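Peer 1: Taken in sequence, the protein lines are chains A and V. By my numbering, the letter at position 61 of the first sequence is numbered 61, and the numbering carries on one by one without gaps. By my numbering, the letter at position 10 of the second sequence is numbered 10, and the numbering carries on one by one without gaps.
Hints listed in this document are in silico derivations from the structure and should not be mistaken for laboratory results. Since the model is a prediction, treat every value here as computed from it, not as a measurement. If a hint is listed, it holds; no wrong ones were tucked in.
Straight line, CA to CA, 27 Å or less: simulated DSS-like cross-link-like pairs of lysine-lysine:
hint	chain 1	residue 1	chain 2	residue 2
1	A	LYS127	V	LYS403
2	V	LYS75	V	LYS128
3	V	LYS264	V	LYS416
4	V	LYS363	V	LYS307
5	V	LYS283	V	LYS403
6	V	LYS403	V	LYS320
7	V	LYS283	A	LYS127
8	A	LYS127	V	LYS264
9	A	LYS127	V	LYS288
10	V	LYS69	V	LYS104
11	V	LYS186	V	LYS211
12	V	LYS320	V	LYS50
Between beta-carbon pairs, the in silico distance windows are:
hint	chain 1	residue 1	chain 2	residue 2	range
13	A	GLU107	V	LYS105	24 to 34 Å
14	V	LEU423	A	PHE124	26 to 36 Å
15	V	ARG198	A	TYR256	14 to 24 Å
16	V	THR399	A	ILE67	32 to 42 Å
17	V	ALA29	A	LEU108	29 to 39 Å
Beta carbons: idealized from backbone N, C-alpha and C, even for Gly.
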Amino acid sequence: MTMLTGTIIYAIINSAILALIAIGFNLTFGISGVANFAFGAFYVMAAYGVWMLIHMAHLPYLLAVLISISITTLSGALMYRFVIVRIKGQTLSEVIATFGIGLSVLELFRYFGFVGFEYTLPVFYDKSFIIAGAYVDAQRLLIVAFAVALIIALWLFTHYTHLGLAFRGIAQDERTSLTFGMDPDRIASLAVSFGAGLAAIAATVIVPLGSISPEEGYDVLIKALAVCIIGGLGSSGGVIIASVVIGFAERFTDSYIGSHWTMIVSLAALLMVLVIKPSGIFGKQKELEERI
Amino acid sequence: MKKKQWVFRYLVPVLLGIFFITPMIALAADPIVIGVPTSTGFLEGKEGLKAVELAVSEINSAGGVTVGKVKRPFKVESIDIRDAAPGVPVPEALLGIEKLILEKKPSALLVGPFRSEALMASMDIIAKYKVPLLGAIAMTPASEEKIKQEPEKYKYIFRLSLNAKYLVKYLAGTMGLINSEFGFNKVYILNQDVEWARKTAEILGQVYFQKAGWTIVGQESFPTGTSDFSSTLMKIRSSGAQVILPIFDMPQSGILVKQWNSMKVPCLMAGFISPLAGPGAWKTFDQKIAGAINSIFEMGSAIASPKVPKSVAFLNAYAKHFGNPIEAGHGPGPAYESVYILAEAIERAGSIDPDAIVAELIKTNRQGVLGQVRFDDGHQVIYDMNPQESAVAAMFQWTPDGKRMIVFPTSLAEGKIQLPAGLTSAK
Chain A
1 MTMLTGTIIY AIINSAILAL IAIGFNLTFG ISGVANFAFG AFYVMAAYGV WMLIHMAHLP
61 YLLAVLISIS ITTLSGALMY RFVIVRIKGQ TLSEVIATFG IGLSVLELFR YFGFVGFEYT
121 LPVFYDKSFI IAGAYVDAQR LLIVAFAVAL IIALWLFTHY THLGLAFRGI AQDERTSLTF
181 GMDPDRIASL AVSFGAGLAA IAATVIVPLG SISPEEGYDV LIKALAVCII GGLGSSGGVI
241 IASVVIGFAE RFTDSYIGSH WTMIVSLAAL LMVLVIKPSG IFGKQKELEE RI
Chain V
1 MKKKQWVFRY LVPVLLGIFF ITPMIALAAD PIVIGVPTST GFLEGKEGLK AVELAVSEIN
61 SAGGVTVGKV KRPFKVESID IRDAAPGVPV PEALLGIEKL ILEKKPSALL VGPFRSEALM
121 ASMDIIAKYK VPLLGAIAMT PASEEKIKQE PEKYKYIFRL SLNAKYLVKY LAGTMGLINS
181 EFGFNKVYIL NQDVEWARKT AEILGQVYFQ KAGWTIVGQE SFPTGTSDFS STLMKIRSSG
241 AQVILPIFDM PQSGILVKQW NSMKVPCLMA GFISPLAGPG AWKTFDQKIA GAINSIFEMG
301 SAIASPKVPK SVAFLNAYAK HFGNPIEAGH GPGPAYESVY ILAEAIERAG SIDPDAIVAE
361 LIKTNRQGVL GQVRFDDGHQ VIYDMNPQES AVAAMFQWTP DGKRMIVFPT SLAEGKIQLP
421 AGLTSAK
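Model the full assembly from the supplied sequences, consistent with the hints where possible.
Peer 2: Rendered as structure tokens:
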């Protein structure tokens with residue numbers, strides 16, 4: 001029984017981690033239509049940023065987190081302003097350009113020697129609790145609380161603020177939004193920068209569980225893609241459902257089948273969704289085309 | 001008085017001249033190029049390269065290497081062959097090695113490939129170009145078998161680091177010690193899903209656990225990059241295991257130790273987790289690794305013992321030179337030692353002809369950073385338990401005050417294994 005409840009608890013935590021990772025990628029794509037393949041690089045950049053501000057500039061942890069998130073958010077906006085805006089609408093070019101930027105950032109960190117086990121961040125609160133017989137550390141509980149709070153905050157933002165409504169307007173119909181005086185380029189720029197900022201937020205709460213390395217950038221991108229494709233690109237509800245599906249599948253596979261099958265399970269789920277419903281569980285982007 | 005004046009006027013300037021000019025003459029002579037093709041983007045490769053650079057700077061400061069009658073300096077040329085990175089195909093690593101050999105014309109290669117797969121594949125290239133390799137990272141014993149089968153062809157390949165067989169010997173010795181001290185005999189094996197780790201776990205099961213009456217209550221393989229071990233730790237908790245034996249060389253494996261601590265799993269952790277080897281791990285892991293027992297693959301790689309004085313001198317020199325201590329428990333020690341072994345072989349040979357160097361390398365018998373270094377007929381440095389007779393590895397335990405205490409082999413032991421809080425002896 002303890003094993004089952006423990007597995008459920010850790011599956012919830014895993015789902016929250018996946019949702020935190022994927023929500024920024026999904027927000028950018030849903031609003032601007034840009035598949036930001038530099039997403040993993042922003043995640044890693046933010047984590048290294050916090051590390052550098054703590055260890056080199058000797059800033060307090062929270063201040064370092066705030067500065068790093070701000071810089072990463074700004075980097076997203078700059079990437080849109082100087083690169084993406086010139087190729088906007090050419091999907092393949094956007095993917096290649098953002099992937100190239102991500103690759104450059106990650107490999108630059110490697111080139112400058114940011115390799116080693118010392119690159120990690122401190123936990124926010126250092127304590128363990130027993131929940132239904134399973135030991136859980138405070139950082140993991142914090143991740144769950146943070147993921148829930150962030151999802152609620154994003155929902156409120158997109159439903160009750162002018163900017164959020166503009167985001168949704170552009171996402172629903174760009175041309176009609178133009179007639180209401182919305183500037184799609186400005187909104188898209190904000191969406192890419194918000195996505196980068198969300199990657200930074202995810203990094204600052206998730207990285208204390210492990211360590212920072214350039215490889216982490218590729219892993220995060222793959223996880224974000226898997227969740228978004230299964231959930232349906234651009235669908236926030238889909239991201240949450242897909243995070244739960246993959247999060248539970250991974251932990252239950254770990255517990256009851258074997259750890260070396262974990263990665264296969266999520267990839268198999270991805271493949272199955274692509275074969276059965278390529279637009280994802282809640283994706284509407286290509287649904288009509290699929291039916292035709 | 002006149003005699004004193006003569007000393008100051010002539011003898012002192014001449015001696016000073018010899019002292020300062022001799023190294024300059026050596027530096028002016030054609031350098032002997034040392035190639036370092038390895039994964040410099042990974043800790044073991046990065047620190048291995050730095051260890052080579054340190055040894056080279058020491059040798060060059062002392063005047064260089066005597067080749068015949070000429071003092072010649074060493075010059076290091078490195079290339080990142082990226083073979084440690086997931087997804088990088090072996091042929092790419094081979095291209096890097098070949099590029100270094102053809103463009104920089106090294107007289108020897110040091111450190112070498114990271115992954116055993118890359119070492120095995122590179123043996124033919126090294127044999128083709130006849131460049132001696134003194135490896136310090138890749139651990140497969142299969143390379144020794146290949147050398148024994150075709151000794152003339154593969155005679156250029158040597159290994160100073162621990163191989164997988166010796167690692168098994170050290171892990172088995174540690175398990176034996178745990179069994180005799182605390183009566184533990186139930187083990188749960190966790191290994192990374194890569195060739196060397198799988199093989200080490202498999203051989204350990206066959207040659208030690210089954211014969212010594214241990215029960216392997218479970219075994220899990222984790223793909224490289226796994227970052228959550230919670231489910232497995234819950235399984236271990238309910239399995240009744242007394243010892244967790246981890247075998248990992250990926251950065252994420254540090255998470256296993258953090259989770260072991262935060263989930264308060266009542267088992268002794270003893271094996272190899274690469275991020276746990278260096279002194280910085282105490283801070284990196286928020287001082288939560290007390291009680292964990294970890295391997296150091298070679299003396300001098302992140303740990304030193306007064307019983308091997310050169311290992312202490314090396315670690316101090318490294319920290320002074322680079323401003324940071326060594327963190328990798330595998331690679332730097334043999335990488336540093338390999339420069340001195342090569343220098344001595346060249347001096348004995350009086351030439352940089354590869355065959356002449358190899359003939360002298362085989363005769364190596366040197367007390368250095370690793371202990372007493374001698375090669376066997378597979379060109380593998382012999383590791384055992386006494387540093388006066390062989391090279392040595394070490395097992396250490398993290399103490400509650402953040403120190404690393406060597407617990408095995410007994411010839412180097414600084415104390416006995418202590419059970420972490422909450423764990424009691426079965427005796």
